[in-house]
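Fit chain B to the known structure of chain A by using the hints.
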Amino acid sequence: MSLIEVRELGRTFTVRKKAGRLRRTSHDVEAVRDLSFSIDAGEMVGYIGPNGAGKSTTIKMLTGILVPSSGSISVAGLDPSRRRTELARRIGVVFGQRTTLWWDLPLRDSFDLLQKIYRTDPARHRENLDEFLELLDLHDLLDTPVRQLSLGQRMRGDIVAALLHDPEILYLDEPTIGLDVISKGRLREFLRALNERRGTTLLLTTHDLQDIEALCDRVIVIDHGTAVFDVSLAGLHQRGGSRRTLVVDLVDEAPPIAIDGAEVVRVEGPRQWLAFPTEASAAPIVAAVAAAYDVADLSLREPDIEDVIRTIYAGAGRMSP
Amino acid sequence: MWVRASMTYRVSFWMMTVAGFVIGALDFIGIWILFHTIDSMGGFSLREVAFLYGATGIGLAFADMFVGRIERLGQMIRMGDLDTMMVRPVPLLAQVCSNEFALRRLSRILLCTIVTGWASLYVEWTPMRLLVMAGMLTGGAAIFCSIFVMLACIQFLTADGVEFANAFTYGGNTITQYPLAIFPGEVVKALTFVLPLAFVNWYPALFILGRDDPFGMPQWFQFLSLVVGAAMLWLTTFVWRFGVRHYRSTGS
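Protein chains in written order, with our numbering: chain A, 1 to 321; chain B, 1 to 252.
Calculated from the structure, these hints are not laboratory results. There's no promise every hint is true.
[What the hints assert, rightly or not] Below, a list of computed lysine to any residue pairs in the SDA-like style, where the Cα atoms sit at most 20 Å apart:
1. Lys17(A) / Ser249(B)
2. Lys116(A) / Leu93(B)
3. Lys116(A) / Val96(B)
4. Lys116(A) / Gln95(B)
5. Lys116(A) / Leu133(A)
6. Lys184(A) / Ser150(A)
7. Lys189(B) / Gly216(B)
8. Lys189(B) / Ile154(B)
9. Lys116(A) / Val90(B)
10. Lys17(A) / Pro89(B)
11. Lys116(A) / Tyr247(B)
12. Lys184(A) / Gln153(A)
13. Lys17(A) / Thr250(B)
14. Lys189(B) / Thr158(B)
15. Lys184(A) / Asp137(A)
16. Lys116(A) / Leu92(B)
17. Lys189(B) / Ala231(B)
18. Lys116(A) / Thr84(B)
19. Lys116(A) / Ser249(B)
20. Lys116(A) / Pro106(A)
21. Lys17(A) / His246(B)
22. Lys116(A) / Glu86(A)
23. Lys17(A) / Thr158(B)
24. Lys116(A) / Pro91(B)
25. Lys17(A) / Ile154(B)
26. Lys17(A) / Gln219(B)
27. Lys116(A) / Met85(B)
28. Lys116(A) / Ile154(B)
29. Lys184(A) / Glu196(A)
30. Lys116(A) / Ala94(B)
31. Lys17(A) / Tyr247(B)
[As the list claims (entries may be wrong)] Not the full set, but computed from the structure, chain A residues with beta-carbon under 8 Å of chain B:
32. Phe13
33. Lys17
34. Ile65
Since we're looking at a predicted model, the values are computed, not measured. From the three backbone atoms N, C-alpha and C, an ideal C-beta is built for every residue, glycine too.
So here's chain A without its partners, still in its complex pose (with noise of 0.2 Å):
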């Protein structure tokens, strides 16, 4: 059985709206519907999907913190929203937007209440504290409230706060929102090592597909409540129907290259851009370039997944009425 199990998990909110002085009128909001994935343990799963599409509320629901209207989950074993507490000791969660931190206190004390909070063996908590500090470099920010640590400072604090306790499963809700470009690499390759050695399983939920790309071996694509795709990385550059590109520098000026497998996207001048499916090898096409033109320079595209991204959900937009 997997970590995680949701079967045909539904979760509807009942909007209420003013109509009139005093007149109101409700009526339903399928936040999510009819969703299903499993996740093993070990696993590394991006869950995107535009604003709106339910990812927080499924997070919220694998946490126990809101109900589910329908369906099940079942996560370790168990029912998150009727075990909620039992569940806490084996899951760390991360909002993005908000911490979990004491405003007031200083980093140190937070994790000292946490480490109370969790009933962590204290040694254990020592040599996790030390190992986490060392590798988000957080050494010199113990002492400083939280209140007065930058968002990136605040939101490794969080990180180090939420595996304290050695869970099993991390969800991250947007964790690198907001965070400069060094710090969202330095946060990503933490959460890659911390994968690896110690198997944590991890789902997050992001706008940032560079998260994806540089952490997720699988992608669950939500919208309008429900799992539109559910496939590896590779197989999603496959379903965006993306393709890479050849850069081909001629010597000379040329009508466009015409090869098998590959078509010409665009001219400009000497230089040629050749698209061809992400499956197919590059070397063949290379080979077929080089024989026939006078080739100056050459480079490969790998397919931007924002692309990719941005075909799914057109093609999720014409499904769904």
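Just chain B now, with coordinates in the frame of chain A:
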């Protein structure tokens, strides 16, 4: 910077404590002045009213100290703090109530203890009466705790319910400061069977003060405070669980 912040906080703490004491004292002085023009209130003397006043005050103040922070539940929901608490391995209610330990009610406990202590000087104490007194204070605090928590659960459904809740807790406190004898029988019945505030002080006090029940309710009601308190707490766990299951969180 830090020192200054905590100092301001300390000063404001003392100011709050003193202000709370003065306001509470004025409250009681009001009753005291009233007794200059009347001899009894519904057949009860100043000392007896003081006993009722003190008993309900202690109950409310203890309840407020333990679970009073729950009135900020709505704010915790809006700020998303509740989500954070829900993913920690400690019962949610305990976290909500200990979010900020409220010592602000200390002054009120002190004041009410003084008032009750003074009134107690005139009570003919027997072991049974002392026992009923202990049951009254514990049960009273339990009843107020339950009302605080149950009414706070409304905030799971609609964001604003604080004022509504205060009407019952602080309002209930005000009603029970006076001998229920001055109210119509229907009010007393409501305070017995619907919102059992009469068990906070009225029934046990009748026993302790050796008074007959002006409404002719069964005498064993006077020993029920602790039982009613326990029953209310039990009911509260269901209401709380219902509330948590209907929590909608905030969009983030």
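Pairwise hint evaluation, isoleucine 154(B) against lysine 116(A), where the allowed Cα distance is 20 Å at most: violated, 31 Å
Proposed interface contact between phenylalanine 13(A) and chain B, which counts if any beta carbon pair is under 8 Å: holds, 6 Å
Under the criterion that the straight-line Cα-Cα distance not exceed 20 Å, is the pair lysine 116(A), leucine 93(B) satisfied? Holds. Lysine 116(A) to leucine 93(B) sits at ~17 Å (cutoff 20 Å).
Does lysine 184(A) pair with glutamate 196(A) here, judged by a C-alpha cut-off of 20 Å? holds, 18 Å
Straight-line Cα separation of lysine 17(A) and tyrosine 247(B) no greater than 20 Å? holds, 19 Å
Measure nothing beyond the straight line between the CA atoms of lysine 116(A) and proline 106(A); if it is 20 Å or shorter, mark the hint as holding. Within the cut-off at roughly 16 Å; holds.
Compare the distance between the alpha carbons of lysine 116(A) and alanine 94(B) with 20 Å, and conclude whether the hinted pair is satisfied. Distance of about 15 Å is within 20 Å: holds.
Is the Cα-Cα distance between lysine 116(A) and glutamine 95(B) 20 Å or less? holds, 13 Å
Is the Cα-Cα distance between lysine 17(A) and proline 89(B) 20 Å or less? Answer violated: lysine 17(A) to proline 89(B) is near 36 Å, above 20 Å.
Decide if the proposed pair is consistent with the structure: lysine 184(A) and serine 150(A), CA atoms, cutoff 20 Å inclusive. Holds - the C-alpha atoms of serine 150(A) and lysine 184(A) are around 14 Å apart, at most 20 Å.
Hey, lysine 116(A) versus valine 90(B), does the alpha-carbon distance stay inside 20 Å? holds, 10 Å
Is lysine 184(A) within 20 Å of glutamine 153(A), Cα to Cα? Between lysine 184(A) and glutamine 153(A) the Cα gap is close to 11 Å, so the pair holds against 20 Å.
Hint compliance for this structure: hints 8, 10, 11, 14, 19, 26, 28, 33 are not met, and every other hint is.
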